[in-house]
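Visitor: As a plain string of letters, each chain reads:
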Amino acid sequence: MTRTTLITDARNTWCPGCGNFSIQHALKAVLLEMVSEGLPLEQVVLVTGIGCHAKMADYLDVNSFYSIHGRVMPVATGIALANPDLTVICCAGDGDAYAEGLDHLIFAAKRNINLTVIIHNNRVYGLTTGQYTPTSPLGFRGRSTPRGTVEKAFNPLELVLASGGTFLARGYTRKQPMVRALIREAIRHRGFSFIDVLQICATYNDPHEMYDRLTYSLEGHDPGDFDAACRKIREWDYNREAPIALGTFYSVEEPSFEERFRRTPQSPAEREAAIRAHLEET
Amino acid sequence: MTRTTLITDARNTWCPGCGNFSIQHALKAVLLEMVSEGLPLEQVVLVTGIGCHAKMADYLDVNSFYSIHGRVMPVATGIALANPDLTVICCAGDGDAYAEGLDHLIFAAKRNINLTVIIHNNRVYGLTTGQYTPTSPLGFRGRSTPRGTVEKAFNPLELVLASGGTFLARGYTRKQPMVRALIREAIRHRGFSFIDVLQICATYNDPHEMYDRLTYSLEGHDPGDFDAACRKIREWDYNREAPIALGTFYSVEEPSFEERFRRTPQSPAEREAAIRAHLEET
Amino acid sequence: MTEWSVLIGGRAGEGLNKAGMILCHLLQERGYHVYLYYDYPSLIRGGHNFSLIRAVERPVFAHRDRVDYLLALNQETVERHRWRLAEGGVIVFDASAVRAEGVGLPLQTILREVQAPDIARNTGIIAGFSCAAGIPWETMEQVLEREIPRGIETNLAVARKVYGAGCTLRQIPELPRGRRHPILTGNEATGIGLLAGGLSSFIAYPMTPTSNLLHFLAEHADRYRLKVVHPENEIAVMLMALGAAYGGERVAVGTSGGGFCLMTEGLSLAGMAEIPVVIVLGQRPGPSTGLPTYSCQTELSFAISAGQGEFPRLVVAPANPAQACRWSTTALNLAWRYQVPAFVLVDKNVAEGAADFDPGGVPAVAPRESVRWDGTGTYGRYAGTDDGISPWLSPPSPGQTVKVNSYTHDELGISTEDPLLTVRLQEKLQRKGAALAAEVGRLQPVLSTGPADARTVLLTWGSCTDPCIEVAGEHGLRVVQPVVLWPFPAEALRAALSGADRVVAVEQNTTAQLARLAAAEGIAVHGRILKYDGRPFSLEDLEARVREVVA
Amino acid sequence: MTEWSVLIGGRAGEGLNKAGMILCHLLQERGYHVYLYYDYPSLIRGGHNFSLIRAVERPVFAHRDRVDYLLALNQETVERHRWRLAEGGVIVFDASAVRAEGVGLPLQTILREVQAPDIARNTGIIAGFSCAAGIPWETMEQVLEREIPRGIETNLAVARKVYGAGCTLRQIPELPRGRRHPILTGNEATGIGLLAGGLSSFIAYPMTPTSNLLHFLAEHADRYRLKVVHPENEIAVMLMALGAAYGGERVAVGTSGGGFCLMTEGLSLAGMAEIPVVIVLGQRPGPSTGLPTYSCQTELSFAISAGQGEFPRLVVAPANPAQACRWSTTALNLAWRYQVPAFVLVDKNVAEGAADFDPGGVPAVAPRESVRWDGTGTYGRYAGTDDGISPWLSPPSPGQTVKVNSYTHDELGISTEDPLLTVRLQEKLQRKGAALAAEVGRLQPVLSTGPADARTVLLTWGSCTDPCIEVAGEHGLRVVQPVVLWPFPAEALRAALSGADRVVAVEQNTTAQLARLAAAEGIAVHGRILKYDGRPFSLEDLEARVREVVA
Ligand SMILES: Cc1ncc(C[n+]2csc(CCOP(=O)(O)OP(=O)(O)O)c2C)c(N)n1
Ligand SMILES: Cc1ncc(C[n+]2csc(CCOP(=O)(O)OP(=O)(O)O)c2C)c(N)n1
Ligand code: SF4
Ligand code: SF4
Ligand SMILES: [Mg+2]
Ligand SMILES: [Mg+2]
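First to last, the sequence lines map onto chains W, E, G and C. So in my numbering, spot 211 of the first sequence is number 211, and the numbers just go up one at a time. So in my numbering, spot 229 of the second sequence is number 229, and the numbers just go up one at a time. So in my numbering, spot 395 of the third sequence is number 395, and the numbers just go up one at a time. So in my numbering, spot 351 of the fourth sequence is number 351, and the numbers just go up one at a time.
No wet-lab data here; the hints were simulated from the structure. Just so you know, these numbers come straight off a predicted model, no measurement behind them. Even glycine gets a Cβ: it sits at the ideal position worked out from N, Cα and C. Heads up, some of the hints might be wrong.
To be verified - If you want the footprint, here are the derived chain E segments under chain G, 3+ residues with CB under 8 Å: (1) 40–46; (2) 50–60; (3) 74–83; (4) 201–215.
Unchecked claim - In silico contact screen, one side only, chain C against chain G (beta carbon under 7 Å); selected entries: (5) G257; (6) C261; (7) G286; (8) G290; (9) S301; (10) G534.
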């Protein structure tokens, strides 16, 4: 029964007003759409880290790997390697993907492995009660930095672009239809697709007034133009106020990693013959 | 006695023709120069990872922390935090800094902590006998990829620039005087200084013919110009042949991390009083 | 013995931990020692949270199932905890949200009248309780003023309305009391202990149950001129700590099992390079993410054997905030003395449980230094000595080089692959371990409570200790707690167990890890009382289990 | 017993491992079983390397100090190893570089004459040896042709010149021989064993002593349609492996202690999420970087207790390539059967030592699957069963969801914090562990050699086993080797030790880790022979130590 709604019976424990709801709705809607267009739902695998965002694995009634903090990308990479036909979607936190496991994000982009990565970028550690993350602005006061951070945020899109990602976008949880469109586009994209979603954390970090004021939709932007992508990505540096573009910054086709590892499994008899032949040669 | 030469009695075991010799000479020369100009040698601390490059810790007769594979940056960060007056120099391998411990490199740059980072980028794991690294070109045949890699190299300078590094340069071991000049400049620079040194590995990866042909010195380049730095950094992507600029791409002044943590240590009496006062308030 | 238990429950995000602390303060004002157990799931709002406070004439660190007062902010609290209500127990509840028998308070109306925010419902309930328990208005006012930093006026207005309308139902009598003490969690007490040990840097990545140690030290960094750093992940934490220690800082890190996994490679480096560091390791149920906000004792074997290779280390496991403070100081001092990694192995119950804390228990601040280099000849970071401890030097030192090394090395710190130097290095580490063990043996590493001639002994550790002591008291049993778990104090333990013919291990894990350690030393354990649902033993729980086993 | 030892030494980078292998092949052609120990420091060129080959009538995996032939490419080899020369032993050396008594070969001249590269000096020395040992030219020619892939003509030219000028000095007689066998290192045999177990993916980050397993499987990936991936670091290795296993691959990883540290968090995830994976863990001396290219047995306790929380796992520790092959197959099969992580715990001596390998010892390829879901009702990844093993399903499966979870979870894989479900999960894991232990008990987990009534037993494991067996033989002792070390086969061990009144542990570490494990099960160990210089026991070494202890 729950199959038609894609929602499990697990009790939802996100705070009222949390941006995660918006991402959940968007993702659910896209999946239902794609299923109605013929995608077998069982082909979908959701991989999450640990954090508020990660509860998506409990809430969505799809295959899921509720992994550990920071390790969404390698888990997802392993799944895509095992079966390149699966649609592997990653919901990762900013603490997850930008701090604990940043290297994996960069290598997933470098390999251009076919994953759809949605970063629930609330710019705070939600579940551990409000510490700064790598995208918290300079001076952010969290529980580990009560006098304010002394390091600037980095711009994750810049990093992923430098790493070789082939699809880069930014969303905002209070612009749900666009998030939905971006997720759809990202899943369709063959290769590494990355969406940094600015997510409201109602409890520890809620800059919605600022986002509402500064965000705008990319228009007339050519996502095949690398230099234009750079410029637009750099417009806002996650520290100072500046216009914040939403939409797809960059999208190009490149060979994807997991395809190079497609193999027909060897039967036991074939394997045995292969070993025998090998040992004879040695 | 060895103090004047800065070389210990340890037996040198680099292969004949190895580019590490060139970096060693350059570094030694710079240190001797700086010492003659008044830098107290005991203020210098060398931090290395594990790999051929890392033997520098055994060979140079300076304070050193011969650490573990991939962890040069956090060790060096800890040292700089402990004592911001030390001159902390990092010799890291490309396997070290770009694979095993890439996240630390990015965060060191993000923090703009005052380190001088020299990457011995031979684009191969030397000590473990010749596997590809993140800067090995697409198709590189190493012992873990005998049919050639299926992922492109990334451009480490692009990544460090996106991370917030304030000094970025590239050297080449067969241009020793320039390497020396760059190291000197990097040590002088207050903040995170990063030099990607293209290093010949005589045994597993020796593209010196190609480097000799394609490298050129940056001239008339303004290292304060971010966009120009981007352009020059992107000229060569570590995969296809293209002109390879050597020199300082980028250099700007920003507040450095360790300075924010300068503290006069608390005496036991002060500490005791502080605890007493604290508990009284609680 | 006069004692009282109070439970306050509601939804996550409603400030139930804070409310529990206020109740502790109120009861302390009435002359009691207090203990707070705080139970919450891993989420920010909406799950069921509760604080359980026990107030007793003497210091305790254990709770009872039975409660005298049940304070309910929502219906779920009543449903979940009604079974706990003792005879004559009273339910105090928000009548606008809960249906129950007892003291129903029209909190919605009251809050609306004084335009108080929702969070002030806690104050309302606390006022209802105070009134029912016969706690004088002045006492309550004073505590609220001290403990509520913002909006005290509105809160007092709420309290006044509730208190004014009520009457005393079940008096909690005042006891003659001494000096009021601060109420500290284990995390805070650990922090104070580290500070008393001379801590100058603290580096951590947040992870329950030690995140609050990071928060506590970050909050008070200025006061102690402390460097507090929260880096990108636990690998960086450990390696930065080692860099800082090399540079001359006295440094500790905090984490839990999952984060500790990532520190193990650095731990082994600390062992080889002989760099001191203190690791506050907070246990929570695994494997893996498990139950992040609950408790267990499953990392003992792991802490003892983590990291490749063999090297000396110290593991202490305090049972409560008082021990946490004292042994954290000791851990820091021994780490620096012996240049080894030292663990303060706590569990969630110790780390986040709170109790009134006697400031007299804070060790004197007299940081024990490493042996210092005497300045003659050439400095060798790993110079050979009888006890395996080489003099310490942090750079800069004019004319000398300080070389630390993760490879097998000679006395100067230069790498070697020579078999004889390898053996020498291994034996140096062993000698250092033996010296550490000898010193540990002199520190009373095993605590024993109860009749020395009792034939039955509860052998336990960490947060199971205080419940064991209370239960054992009633049965005339002895309780033996090794506080130091490594170097394993086999001799002291054998002495503490002498005359016992029935040793029962009480642990919060599935494999009886302490019992296994003892067995490896030839110390037999005859029974096991194990618990692994993440919750601490209540006295009733443990009492029943003990009765089964000793029967 | 007829046996011969040959040492060939020179500088790193001069191909001494390859030369050792060629010597093995030559001696095998003469009808001998062979063993190769390869000793090299962690550097690419210039240090001292040597291969030590022992040729015996029956299979062996141990070396002697004494050698009959010393083949020296440089003076250092003669100086370092002269003491080894047995009476009547012969030194064969490059007279252009070495001064010694014996067979001096003018290799510089010869190489110049035939314009051979420097590396062909090996061939020259080998030819000198072959001639001196009376190995027929045809045999040598055939072996060289088979083993030297490039430039065989030049090499043969060198060999011809050397061989032509020499004469037989110390004949190595031909033995009647069976079928020629491949000569495999432990790494290769492990690879073959994993492949026989149905391996479909191998993921590793290079680290001595298991890098060569990665290289071997990468080299032969096409032949076996294997996915071989070398990711950014060991954390990624472990997590990719778990992702791949979830996706349906049979996957193993390879590493050493330092890299394994970084896998421990993923290991615990494997335990909680019940995802199988095989970890080939190669031991090398620590702590930390230590001696990267030498050997030890220090990760037993670590492998058993690594990772937060408590969960079942399998640890097997083969003694030689033959066991490595067989037990790697078993490890893979049991991992997938029980959905647990399984270790193949080797040491450098096993991993990089080589011996002739009987292909008949390769287990039949019959991958043992997990229990499969029967397709009825709703699939629950963690469905409760008597033995704790839940049916396995990899996505995609129409109409079903496969949810794995690092949190404490219910049968469907949804997170829970409920105490009863927590207990149920913990007990499910315990039952699974018990089922695994029961199966292990039926697999002959403890091997016993020598007289069953011998009162003195050498209790040993891993690469110490074969030296023990050879030495024990001369003293009439029993040797007991637990091949499975976890679940600890206490019963089988007790049975194997029955009647013994003197148990002596022989291990390559400082703390006698196996002895400790045995003690924890109440099995007493009376003596310890420990070695911790990174080098394997030679038979003379061990003989002397055993004589001391059993005296
Ligand atoms: C290795 C490890 N370190 C620390 C933690 C504790 N932890 C759990 S979630 C989390 C941060 C979550 O932040 P983020 O990824 O941004 O997710 P959010 O809660 O904001 O959605 C941390 C530090 C952990 N589970 N594992
Ligand atoms: C955690 C860990 N993994 C693997 C290794 C093995 N290892 C030693 S050096 C090295 C690579 C060195 O490559 P690089 O950093 O490029 O240094 P180079 O030898 O090329 O100078 C590796 C993988 C290790 N020491 N530690
Ligand atoms: S803490 Fe923030 S991110 Fe987490 S559930 Fe609440 S609002 Fe959402
Ligand atoms: S292997 Fe390469 S990097 Fe290493 S010492 Fe030899 S030439 Fe230098
Ligand atoms: Mg977040
Ligand atoms: Mg390299």
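Visitor: If a hint holds in the structure, say so; if it doesn't, say that too.
Guide: Hints, one by one, checked against the model:
no., hint, in the structure
1, 40–46, "holds (count 4)"
2, 50–60, "holds (count 4)"
3, 74–83, "holds (count 10)"
4, 201–215, "violated (count 0)"
5, G257, "3 Å, holds"
6, C261, "4 Å, holds"
7, G286, "2 Å, holds"
8, G290, "5 Å, holds"
9, S301, "4 Å, holds"
10, G534, "6 Å, holds"
Hint 4 from the list above is the single one not met by this structure.
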